[in-house]
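Colleague: Here is what each chain is made of, one letter per residue.
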Amino acid sequence: MFRLRSLAVMAGLLLPAAQAAAHGVCGPRVFVTTLTIDDPAVADEASLPTFAWTRDGADGGKGPTLNYDFDFEFAKRITPDFGLAVGYGFSVANQLSGKAGKGNTSFGWHNLELNAKYASCVDAVHELMLAFGITREFGSTGTLSMDAARYGTTTPTLYFGKGFGDIGVDALRPLALTGTFAYAISDVSLKRRPNGEFNQGAEHQWQGGLSLQYSLPYLQSQVKDLGLPEWMGRLTPLVEFSWSSPATAPSATPTQMMLAPGVVYNGDWYQLGIEALIPLNRATGRNVGVIAQFHIYLDDLLPNSLGKPIFPSPLLGR
Amino acid sequence: MKTLFAALTFALLPAWFPSAGAFAHARLVSAVPAVGATVNPAPSELVLRFTEAIEPRFSTVAVTDAAGARQERGDLQADSADAKTIRIGLLALKPGTYTVRWQVLSVDTHRTEGAFRFTVAP
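Here the protein sequences come in this chain order: A and B.
Numbers 666 to 983, taken from the working numbering, label the letters of the first sequence in order.
Numbers 7 to 128, taken from the working numbering, label the letters of the second sequence in order.
In silico lysine-lysine, DSBU-like type, Cα no more than 35 Å apart, as pairs:
hint	chain 1	residue 1	chain 2	residue 2
1	B	Lys-100	A	Lys-889
2	B	Lys-90	B	Lys-100
3	B	Lys-90	A	Lys-889
4	A	Lys-741	A	Lys-973
5	B	Lys-90	A	Lys-741
6	A	Lys-973	A	Lys-889
7	B	Lys-90	A	Lys-973
Please keep in mind that the hints were generated in silico from the structure rather than gathered at the bench.
Extracted from the complex, chain A is given alone in its bound form (with noise of 0.2 Å):
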């Protein structure tokens, strides 16, 4: 129960239920989207979807289980620079060996979440990006014996992207790191029964990730044109890395990291990304997996209709 547990809290930090994503145009700089952290853009977009697969440890038996999720999301601005999005997804388990016999294949929801972004400081001349956030997972609103949580969280959360397009040395300048800093709080705090098994809350978490992506599209129109095949040239090389910690005692969920290796293709109006899901902790699983994304910009798929913000005006009035 552990660690599939484990493995549930750490899929809803890290697949795109909980990414308001973006279309990060910064000046010069792109902010690509990134597959397991959210962005610092506000944008309307869409997942469709985020496929994560990862292997681990059966539910109270020997054997691996193969976890596939789908995950999808839908993010509009409200103003241009204040934003909501929605997420959903379910997995599938499939569970190898063990108590449940071979090939036992099990369904279920992810909690449905709900984000609002806003984007504090767009400063394209720094190629630098902040905003602030709060997410909302509605608890039981997945499928509680896949481990979706009962009760839900509010992780307010804090949004970063520096390119660093101004520094001195040319092959730095193509260079981004990207950034989360969150709290999680939880609509139940964890308790331990007097019978010492805990209740079925959850503890407060901190939680972050960084990016650091080396941007080819910015290496070739800004920097030195290698003359790099046109497809080459869309590339973004990524290292992602995700942790989260309690905050709060008791706990049941230690510390996990990941790191997430991978590159992203970013075609005209859509990007393609692949990343590996590599556990950094026995906490985090032992097995290496794989996330993938088809992630569309809605700006410029439908400019004119879903593409734009419903009101034009800054909802601060910049």
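Given the coordinates of chain A, assemble chain B onto it according to the supplied hints.
Modeller: This is chain B only, laid out in the frame that chain A set:
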């Protein structure tokens, strides 16, 4: 097999939206002189090719020398044969490094910007 199916699904997803490519932000595809290039002789015009058609009336291109003096002629125009390409004449450039700053409006009203340098060799 499931993994292969998922991979194929992802690879083919863009094909489900075949008519969408005309609306994207304009990205610089190539330039003459090329981004970061060293050239000789000095070019008489700058050519920028983008991923989308450009509206030259609402676009700007500035070429400055190391002292910040403007070196473009101000006759920015779309290429007669390719709406994704814009051209601007240059003054007689002396050897040195030049900075190009462009800001363009694509025909779907998305605005993008960028900057790069090129060098004229002695």
